[in-house]
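**Q** The listed protein sequences derive, respectively, from chains A and B.
Residue 129 in numbering that gives the first Met the number 0 sits at position 130 of the first sequence, and the numbers go up by one each step.
Residue 46 in numbering that gives the first Met the number 0 sits at position 47 of the second sequence, and the numbers go up by one each step.
In short, the hints are calculated from the structure, not lab data.
Where a beta carbon is used, it is the ideal one built from N, C-alpha and C, also for glycine.
Keep in mind that a hint or two might mislead.
Negatives, chain A to chain B, calculated, CB over 10 Å [to be verified]:
(1) 5
(2) 125
(3) 223
(4) 295
(5) 422
DSBU-like, lysine-lysine: derived pairs with alpha carbons at most 35 Å apart [what the hints assert, rightly or not]:
(6) A:5 to B:46
(7) A:497 to A:108
(8) B:29 to A:52
(9) B:92 to A:150
(10) B:4 to A:236
(11) B:71 to A:426
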Amino acid sequence: MIKQFKDYNSDIKEFCDVCVIGSGAGGAVAAKEIAEKGFSVVLLEEGGHHTSKTWSGKPLKGTIEMYRNGGSTLSIGNAFIPITLGKCIGGTTTINSATCFRTPEYILKKWQKDLGLENLTYKNLEHYFLRVEKEINVTELSWDILGNAAKVVKRGADRLGLKCRPLKHNVRDCRGCGTCQFGCIENAKQSTDVSYIPKAIKAGARVYAHCRADKLKISNKTVKGVTGSLINPETGKSVFSITVNAKIVIVSCGSLLTPPFLKKNRIRNRHIGRHLQIHPAGRVAALMDEKVEGWKGVSQGVYIHDFQNEGIILEGIFLHPSLMLATLPGIGNEFKELATQYPNIAAFGVMVHDSSTGRVLKGFSPGSFLAIYNMKRTDIKKLKKGIAETSRIFFAAGAKKVFTGVSKYPILNSIDDVDKFLKIKIKPNNFEILAFHPLGTCRMAATSKDGVVDQNGESFEIKNLYIADGSVVPTSLGVNPQITIMTLATMIAEGITKKIA
Amino acid sequence: MINYKILKGRNGEILHAIMNTIIPQGGPFKSGAGDYDLLQTAELILKSFDKITRLIIPMMLKYIQYSSFFKKGKTFTKLSLDKASQYLESMEKSRFYYRRSIIFFLKFLTVSSFFDIDETALQIGYSHGNCFDKKGL
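If we strip away everything but chain B, and leave its shape as in the complex, we get:
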């Protein structure tokens, strides 16, 4: 069991909601972020970052949680999947660099945790360690 430091409590809940929005269950392939405990992996990634970046993460999460209130009328974790998806998409297309950077970083965290699992990578046709039989020079 991992001892959460950065993603404990509310921070973990917010990131969990963000991850489920970026890769929801169903659709083009069955599994979604909610099918796996990606918070554990995310915590490991975040722990390897430097102190300043680790301090910024909770601020990023809280930004998403509360800024959605002004645009969608509810905090992020209370939004429906459709509305949450629209909200994150608006961040991705935003003209403001800091908004794009936040979603870029959190998407990176989600996608790198999700597709690190062999089973999920296989769903999109990727298999790890494909070496040719023939050697180069």
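Here chain A stands alone, though its shape is the one from the complex:
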């Protein structure tokens, strides 16, 4: 059973072997793996517990209830970049597009070479990949479920000689309802709230929702537990306190929240909060002659990786009109005219394997942070090229107009405009950039000179303090990071169980 605000009526004191903070791709995996080995586990989650019975799959309710700050988290720098984060049982896995990629082998080799992560070879990780993929049922969906938007892109890609393939998803019996980002209405997505957490609970883990970890109990450079607050979700105010005495603490708050949490606890390491990478992404929409009805089908169904060598991956994206139409140009009747053509709109995303890095600083209030990220010229070029190539694909598929999401050249009317678009100079703040994958802010490395945690995920500074979330992933991956985070968390959990056994 997951305890929530309504179940709290006094302060709580817990004793356990392992306390996990955060229930997303890192925390839930670690909690389940450790609990199943017979150790006592307490899992704390700041957000609430929502299920397919309580959510509607509609963006408004979904973002207000399940996204951190209602989806308004941003990085600042040479552009404001919204970074979506989940704040609920299941963390961001509950609101992601369920896309699964293994860590590319060349990235693992880079980590070995640059950071001395010799354990992280593809061979060593393979059985963890398999375990995770089995647990969350990673599968390739049939084209029928992927919807018309995917078929339009495939048609364009085929005409240009590009390979458009179905993405792998962590789903079971998916019927392509298209609400992945706001809670799967059929529980088909195997996010951690559906897959790992029920198993952790079955193995004896105690799970507390609406519970914010405030402070680590540290003595003699060894962590001894966590103190936190039980939060009223309506007011955001603390009503009771929780104290967890634990032999081991795993911090899994995510790349943007783990660094401020560590800094707040006066843990010193020069790499905490640095090396932030986010996979900046753009969106291209096209007005087609045919009815696409892109909302019918998996919202992120297919991908094109012909430009992967250049650091660009093109992935599907389709959203509810309340989000999709807000990004298209026009005011008044011009906007309404475009809105009526919504069924004829197809969209696709561009994701950049970034070389730019940023920082995360401690915010002013509990659980807040300040992310700073400046996009380098090389990444701008990649994004521009990705938008141009996606536009070509849409024109090849028969698009009448393409909406680039670039303020300097918002609408392309023909394929000739694509070349003109490539020639203009574009600044970062001319793009409508989004980001979904913050990584690297407490990176794993062989020594404390290069990172915050060692190859087992343990802090170099504080004994028995582990980190298992996107922040330990040392660099951006160029692909969606869910499987990488889960794999590393599985590996870290295995190391912990061996240690405390």
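Based on the hints, put chain B in the right spot on chain A.
**A** Quick look at chain B alone, frame taken from chain A:
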């Protein structure tokens, strides 16, 4: 009834005028922002944001209200629908990032409140929760 904190008084009036300009009544489909109480929804969205963003919202609204005086000779809420529409369009096409960001944010607030209503989404052909009968693998 919702207790307005961010959009009470003048702020609510300005946002109401902006919403009516972005999605006016009539035209390609009948209903407009003015047909629904979108301020309630907007207030709910804004309340879920962090403190700093919530503090910036009234500043954004007042920027639109008073900056239009310099370009159009009247404060925004006193502009005719045509002129208000032209003014917001000029912001959307502006070369200044902060002006584009303000209108982008307010348009997002308007559109997400408006099309969250099933009835309005149906007018543009969208119906929610369309699952296929057939299951994927």
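**Q** Hints numbered earlier in the text: which of these fail when held up against the supplied structure?
**A** As far as the earlier hints go, only 4 is violated by this structure.
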